[in-house]
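One-letter residues, chain by chain:
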Amino acid sequence: MTVNGWLQILLFCALLIGLAPLTGGYMAKVYTGQRVFLTPLMGVPERFFYRLMGVDPNREQDWKSYARSVILFSLAGWLLLYVILRTQSIQPWNNYGGVAFHAAPWNVTFNTTSSFLTNTNWQFYGGETTLTYFSQMVGLTVQNFASAAVGIVVAIALIRGIANRTSKSLGNFYSDIVRTILYVLAPIAFISALVLVSQGSIQNLSHYVSAHGISGIAQTIAMGPVASQEAIKMLGTNGGGFFNVNSAHPFENPNGFTNFYELLLVLLIPAGLVFTYGKMVGSRRQAIAVFAAMFVMFFGAVTVAYAAEAHGSPAQHAAGLHTQVIANSTGGNMEGKEQRFGVADSALFDVVTTVTSCGAVNSSLESFTGLGGAVPFANLSASEVIFGGVGTGLYSILLYVVLAVFLGGLMVGRTPEYLGKKIEAREIKLVALGLLITPLTALFSTALGTASAAGRASIDTAVTGSGPQGFSETFYAYLSQANNNGSAFAGYTGFIQPNAGNAGSHGVTFADLLGGLTALFARYAPILFALAVAGALAGKRVSPVGLGTMRTDNATFVVLLIGVIILVGALTFFPALLLGPIVQALTGHLYG
Amino acid sequence: MRREVLISIRAMVLLTIVFGLGYPFLVTGVSQAVFPGKADGSLIDRDGAVVGSALIGQQFYEPVIGKNGKPETSKGVAVTQPDPRYFQTRPSGTVPADNAAGSSFANYGPNSVITKDAIQSNIATYLALNTAPDKHPYDPAVTHAAQVPVDAADTSASGIDPDISVANAKIQAYRIAAVRHLPLATVDALIARHTTARSLGFLGEPGVDVLELNLALDGSK
Numbered sequence: 001m002t003v004n005g006w007l008q009i010l011l012f013c014a015l016l017i018g019l020a021p022l023t024g025g026y027m028a029k030v031y032t033g034q035r036v037f038l039t040p041l042m043g044v045p046e047r048f049f050y051r052l053m054g055v056d057p058n059r060e061q062d063w064k065s066y067a068r069s070v071i072l073f074s075l076a077g078w079l080l081l082y083v084i085l086r087t088q089s090i091q092p093w094n095n096y097g098g099v100a101f102h103a104a105p106w107n108v109t110f111n112t113t114s115s116f117l118t119n120t121n122w123q124f125y126g127g128e129t130t131l132t133y134f135s136q137m138v139g140l141t142v143q144n145f146a147s148a149a150v151g152i153v154v155a156i157a158l159i160r161g162i163a164n165r166t167s168k169s170l171g172n173f174y175s176d177i178v179r180t181i182l183y184v185l186a187p188i189a190f191i192s193a194l195v196l197v198s199q200g201s202i203q204n205l206s207h208y209v210s211a212h213g214i215s216g217i218a219q220t221i222a223m224g225p226v227a228s229q230e231a232i233k234m235l236g237t238n239g240g241g242f243f244n245v246n247s248a249h250p251f252e253n254p255n256g257f258t259n260f261y262e263l264l265l266v267l268l269i270p271a272g273l274v275f276t277y278g279k280m281v282g283s284r285r286q287a288i289a290v291f292a293a294m295f296v297m298f299f300g301a302v303t304v305a306y307a308a309e310a311h312g313s314p315a316q317h318a319a320g321l322h323t324q325v326i327a328n329s330t331g332g333n334m335e336g337k338e339q340r341f342g343v344a345d346s347a348l349f350d351v352v353t354t355v356t357s358c359g360a361v362n363s364s365l366e367s368f369t370g371l372g373g374a375v376p377f378a379n380l381s382a383s384e385v386i387f388g389g390v391g392t393g394l395y396s397i398l399l400y401v402v403l404a405v406f407l408g409g410l411m412v413g414r415t416p417e418y419l420g421k422k423i424e425a426r427e428i429k430l431v432a433l434g435l436l437i438t439p440l441t442a443l444f445s446t447a448l449g450t451a452s453a454a455g456r457a458s459i460d461t462a463v464t465g466s467g468p469q470g471f472s473e474t475f476y477a478y479l480s481q482a483n484n485n486g487s488a489f490a491g492y493t494g495f496i497q498p499n500a501g502n503a504g505s506h507g508v509t510f511a512d513l514l515g516g517l518t519a520l521f522a523r524y525a526p527i528l529f530a531l532a533v534a535g536a537l538a539g540k541r542v543s544p545v546g547l548g549t550m551r552t553d554n555a556t557f558v559v560l561l562i563g564v565i566i567l568v569g570a571l572t573f574f575p576a577l578l579l580g581p582i583v584q585a586l587t588g589h590l591y592g
Numbered sequence: 001m002r003r004e005v006l007i008s009i010r011a012m013v014l015l016t017i018v019f020g021l022g023y024p025f026l027v028t029g030v031s032q033a034v035f036p037g038k039a040d041g042s043l044i045d046r047d048g049a050v051v052g053s054a055l056i057g058q059q060f061y062e063p064v065i066g067k068n069g070k071p072e073t074s075k076g077v078a079v080t081q082p083d084p085r086y087f088q089t090r091p092s093g094t095v096p097a098d099n100a101a102g103s104s105f106a107n108y109g110p111n112s113v114i115t116k117d118a119i120q121s122n123i124a125t126y127l128a129l130n131t132a133p134d135k136h137p138y139d140p141a142v143t144h145a146a147q148v149p150v151d152a153a154d155t156s157a158s159g160i161d162p163d164i165s166v167a168n169a170k171i172q173a174y175r176i177a178a179v180r181h182l183p184l185a186t187v188d189a190l191i192a193r194h195t196t197a198r199s200l201g202f203l204g205e206p207g208v209d210v211l212e213l214n215l216a217l218d219g220s221k
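Line by line, the protein sequences are chains F and H.
By the working numbering, the letter at position 458 of the first sequence is numbered 458, and the numbering carries on one by one without gaps.
By the working numbering, the letter at position 57 of the second sequence is numbered 57, and the numbering carries on one by one without gaps.
Hints are computed from structural coordinates only; laboratory data are not their basis.
Ideal Cβ placement from N, Cα and C applies to all residues, glycine included.
One or more hints might be untrue.
[Said to hold, decoys possible] Computed list of chain H residues with no C-beta within reach of chain F, every gap over 12 Å:
hint	residue
1	Val-5
2	Val-18
3	Gly-52
4	Gly-69
5	Thr-73
6	Asp-83
7	Pro-91
8	Asn-111
9	Gln-120
10	Lys-135
11	Ile-164
12	Lys-170
13	Tyr-174
14	Ala-177
15	Ala-185
[Said to hold, decoys possible] Chain H regions said to be covered by chain F (calculated; three or more residues, Cβ under 8 Å):
hint	stretch
16	26-40
17	125-131
18	136-143
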């Protein structure tokens with residue numbers, strides 16, 4: 001580990017703590033209909049959107065109506081994206097790399113469509129070898145906006161449910177979507193795209209470039225509208241790369257500054273929403289308590305990942321490499337990492353994108369050390385409540401908060417209350433179901449993928465050999481898709497493609513379908529439960545604070561909350577974690 | 001219900017037009033106007049033709065000449081080897097190496113014999129390249145695995161990493177100086193000139209852009 005590495009990590013944390021209340025306060029204004037500095041610019045387009053959609057933005061919706069809108073909007077998006085991806089052969093901007101891209105087969109397309117709809121952005125395809133610019137822009141970029149917006153508005157609806165004392169209303173879905181995109185996502189994405197281009201990210205609609213090379217070895221360089229997608233991919237915690245290697249590609253992430261900037265984009269909204277919540281329920285202290293719980297777990301994860309990667313891997317040591325820092329070299333585990341990021345920025349990137357549902361990578365997760373690779377497992381096992389995805393992180397941790405209040409209430413022997421609202425049998429049932437669905441889906445899919453020959457076909461034995469890495473690949477694939485993360489131990493294959501174009505490509509149908517279904521189920525079921533909890537809490541009477549009321553805004557509660565999150569995650573996942581990442585973290589043995 | 005279905009379709013179509021076409025076109029237009037070279041991939045021209053991108057690693061290889069004096073081929077494809085006159089990039093996991101139209105990870109795991117073998121092979125290649133025909137290492141301080149910088153032995157993430165560490169470049173400098181009959185100080189000065197510092201002085205890691213450095217080498221003789 002180096003002083004400079006820690007300097008970057010600490011500055012990142014400081015900026016995170018400084019920016020979160022600002023974005024949070026801004027978003028609170030947006031969602032309570034107040035005037036913000038963008039109102040003069042966006043007011044007209046906003047009304048224009050409502051008119052073209054045929055929406056009355058002032059129509060209040062209860063939880064069932066809100067949920068229906070979420071489902072219908074997502075269904076329309078799913079169908080449109082599927083059609084776009086399946087009609088590649090008739091699209092413009094095709095045959096730009098010397099090969100005309102046909103549509104991927106139905107099974108891969110099912111996976112890609114489902115995963116972009118759910119903010120997962122799992123990549124069983126390689127962008128530059130299979131997708132046209134049309135598919136990337138008109139298909140994928142649009143869902144980068146839409147899926148992020150859906151996550152955010154569900155969180156906002158849950159906040160309104162907690163805050164509303166007299167009405168059953170959770171707001172208007174389409175108004176929330178339009179305001180999210182116009183006032184939050186689009187302006188930040190637009191400016192960020194230009195920032196990225198200024199550093200070397202590309203943005204064009206050119207043919208792939210043929211370079212003749214210094215040595216006369218021809219090199220084809222893939223082009224495309226990269227920066228516009230990169231910006232929203234990070235901001236919306238989507239994570240699906242324009243290129244196969246995602247943010248490790250120099251055109252997506254050209255230097256140390258863009259790396260740092262992209263990571264701030266990832267956490268900007270999830271961390272900010274915590275303070276939006278504080279504003280909207282009228283208690284900044286609640287927000288600080290939730291933020292503190294998230295931050296403690298985040299910082300712990302960064303520390304472990306950085307230390308593990310700086311130490312190096314058993315394979316490196318067996319090969320005779322020295323992995324400590326020497327003059328002019330970072331040392332550490334540089335397998336699957338880029339020189340411009342080194343070990344510290346790769347570890348930080350890994351943690352930021354796996355605590356959130358982003359899942360972008362700037363290094364190969366599969367090549368992380370055993371312990372370094374166990375960190376993303378741990379992050380995902382906590383169901384992405386450590387900041388989490390845009391919106392999803394907040395609504396998930398709020399379910400945990402209610403659970404912690406319930407457990408705390410049992411301990412002190414009082415009817416549990418949260419912000420004055422009684423937590424009763426109906427609420428706690430919905431919360432428990434909402435929290436358990438994602439872990440159970442992940443475990444069920446992993447079991448299927450491990451126990452069946454069709455599932456094991458996806459394991460990349462050419463690089464895993466016979467060791468625990470094969471199980472880690474499988475487990476990570478479904479843990480990641482169930483949490484709508486999308487990062488991968490990328491040896492796990494659903495789509496075999498030759499390097500020249502996608503002619504003759506085929507999918508591993510089992511992995512494609514199971515992954516897609518996992519992502520869909522583990523996205524929409526928790527959304528419905530979160531909205532149902534919102535519906536149950538909305539309009540509940542608030543009882544006055546008494547002497548025996550358990551406080552939810554002090555350090556004791558932060559510890560309780562962290563304890564509940566770790567307890568649920570550990571109890572659910574410990575046996576599975578033991579078989580893969582923990583074995584890999586503990587052993588120095590090399591598997592053949 | 002029918003009304004709601006219509007709204008959802010209209011909303012998706014509208015978002016698709018505005019954010020699938022409008023937004024990327026707007027970014028493209030502004031980028032092309034304000035940062036034309038960067039938006040097009042930081043391409044480098046030499047003698048009027050594109051030689052590569054400053055941000056993309058490429059192969060600096062030469063054909064292997066057989067005993068009969070002709071280039072060797074294997075299955076009709078010319079056999080190549082690292083060209084000792086040029087700085088070499090990091091090991092690549094793409095097929096073929098440094099494939100900028102099909103990036104991919106190597107995915108070597110931490111506890112695998114396969115990984116160990118791959119790293120050992122990279123080390124052997126590196127040491128062999130930096131050893132003179134008279135069996136003496138060009139850099140007297142680099143004789144075995146423990147002295148090879150990690151970035152020279154470990155596969156990069158993208159497979160097209162444009163940079164190497166300064167330590168790696170300084171070792172290769174001995175070879176370059178010997179093969180090109182240049183003073184070592186001249187080569188070291190070129191390395192210093194083509195080292196990308198950390199952004200803003202502290203973000204990321206310093207690296208030497210191999211293509212730019214090799215172009216400068218060709219220009220200096």
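Structure-based check of each hint:
| no. | hint | in the structure |
| --- | --- | --- |
| 1 | Val-5 | violated, 6 Å |
| 2 | Val-18 | violated, 8 Å |
| 3 | Gly-52 | violated, 4 Å |
| 4 | Gly-69 | holds, 19 Å |
| 5 | Thr-73 | holds, 15 Å |
| 6 | Asp-83 | violated, 6 Å |
| 7 | Pro-91 | violated, 9 Å |
| 8 | Asn-111 | violated, 5 Å |
| 9 | Gln-120 | violated, 5 Å |
| 10 | Lys-135 | holds, 20 Å |
| 11 | Ile-164 | violated, 6 Å |
| 12 | Lys-170 | violated, 7 Å |
| 13 | Tyr-174 | holds, 14 Å |
| 14 | Ala-177 | holds, 17 Å |
| 15 | Ala-185 | holds, 17 Å |
| 16 | 26-40 | holds (count 11) |
| 17 | 125-131 | violated (count 0) |
| 18 | 136-143 | violated (count 0) |
Consistency note: the structure conflicts with the earlier hints numbered 1, 2, 3, 6, 7, 8, 9, 11, 12, 17, 18.
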